[in-house]
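Please build the complete structure, drawing on both the sequences and the hints.
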Amino acid sequence: MSRRRLLAIVPLCAAALLASGWFLRRALAPLPAPSPPPASVTALLGGEGPGGFARATAPRDFRFPDDHGPHPEFRHEWWYFTGNLRAPGGRRFGYQLTFFRFALSPDAADRGSRWATNQAYMAHFAVTDAQGNRFRFFERTGRGALGIAGATARPFRVWLDDWSAEGADASTLPIRLRAAEGGTSVDLVLDSAGPIVLQGDRGLSRKGAAPGNASYYYSMTRLATRGNVLVEDTSLPVEGSSWLDREWGTSSLEKGQSGWDWFALQ
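Counting with our numbering, you get residues 2 to 267 for the letters of the sequence shown.
No lab work stands behind these hints, which were simulated from the structure alone. If you're wondering where the values come from, they're calculated on a predicted model, not measured in any experiment. Just so it is clear, CB atoms sit at the ideal spot from N, CA and C, and this is done for glycine as well. There may be inaccurate statements among the hints.
To be verified - Label pairs and their calculated CB-CB ranges: (1) R227 <-> G52: 40 to 50 angstroms; (2) G201 <-> E74: 14 to 24 angstroms; (3) A169 <-> G52: 36 to 46 angstroms; (4) F138 <-> W261: 12 to 22 angstroms; (5) G257 <-> G201: 32 to 42 angstroms; (6) D234 <-> R64: 41 to 51 angstroms; (7) F63 <-> W263: 13 to 23 angstroms; (8) T153 <-> T58: 19 to 29 angstroms; (9) L231 <-> L266: 33 to 43 angstroms; (10) T58 <-> D111: 22 to 32 angstroms; (11) R179 <-> G133: 20 to 30 angstroms.
Given below as structure tokens:
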């Protein structure tokens, strides 16, 4: 870091002395401390963080449809929908619609304001147009208050603004996905065409050696899909297959880890 050098000049009067002293103090004053960086996904998934959350330490019994819904006793979770779609004539699309929940504290906000919440949500929406060689990606964030974002198990629903995944009845399936942004949208209905798959050790997916650096993780890998895709203001009927990944936990990453590579192959 460069510094200005203040050249001393023989003062001609007391006023000049005072002015020189003021500029010297300004030139040599320490710079203000930099602002802390914003929270990163690595920090949110790491082992460090506030105490009081439940941790994924051992296999558990999964209970459906309740486990399709939120687990607020854990720090983070996500509903991760992806799929391959085909329109009449063979035009192919890929899509992603994902909802993330992050708890800022283990206890619900105890304040009178309707804005108060300890839950933050983020959502990703993307469509790949293979024929048009175009990829469109959108992101939203919102608080779990005032109906802006949230998740429920009975009936199943997770949403952020008007992006949503919503179950048709008490059994959750079929699930309707809806998202629209910037002339791109999906309106899809997903129904089961295969069993629920428990990942890792009976649904316990370890990400590191430390106890609790793990998640509870199941997948629905064969979801028959039909509906409509809108690209460049053109709506097309589509059919295909989708995949849902569900994970929740409190810490996942060891110290020094920045993440993991993830593949879903159909």
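Verification of the supplied hints:
1. R227 <-> G52: 40 to 50 angstroms: holds (46 angstroms)
2. G201 <-> E74: 14 to 24 angstroms: With Cβ atoms ~20 angstroms apart, the hint holds.
3. A169 <-> G52: 36 to 46 angstroms: Holds: the Cβ-Cβ distance is about 39 angstroms, inside 36 to 46 angstroms.
4. F138 <-> W261: 12 to 22 angstroms: holds (21 angstroms)
5. G257 <-> G201: 32 to 42 angstroms: violated (22 angstroms)
6. D234 <-> R64: 41 to 51 angstroms: holds (43 angstroms)
7. F63 <-> W263: 13 to 23 angstroms: Between F63 and W263, where Cβ atoms are some 21 angstroms apart, the hint holds.
8. T153 <-> T58: 19 to 29 angstroms: At roughly 26 angstroms between Cβ atoms, T58 and T153 fall inside 19 to 29 angstroms, so the hint holds.
9. L231 <-> L266: 33 to 43 angstroms: For L231 and L266 the Cβ distance comes to about 27 angstroms; the hint is violated.
10. T58 <-> D111: 22 to 32 angstroms: holds (28 angstroms)
11. R179 <-> G133: 20 to 30 angstroms: For R179 and G133 the Cβ distance comes to about 22 angstroms; the hint holds.
Hint compliance for this structure: hints 5 and 9 are not met, and every other hint is.
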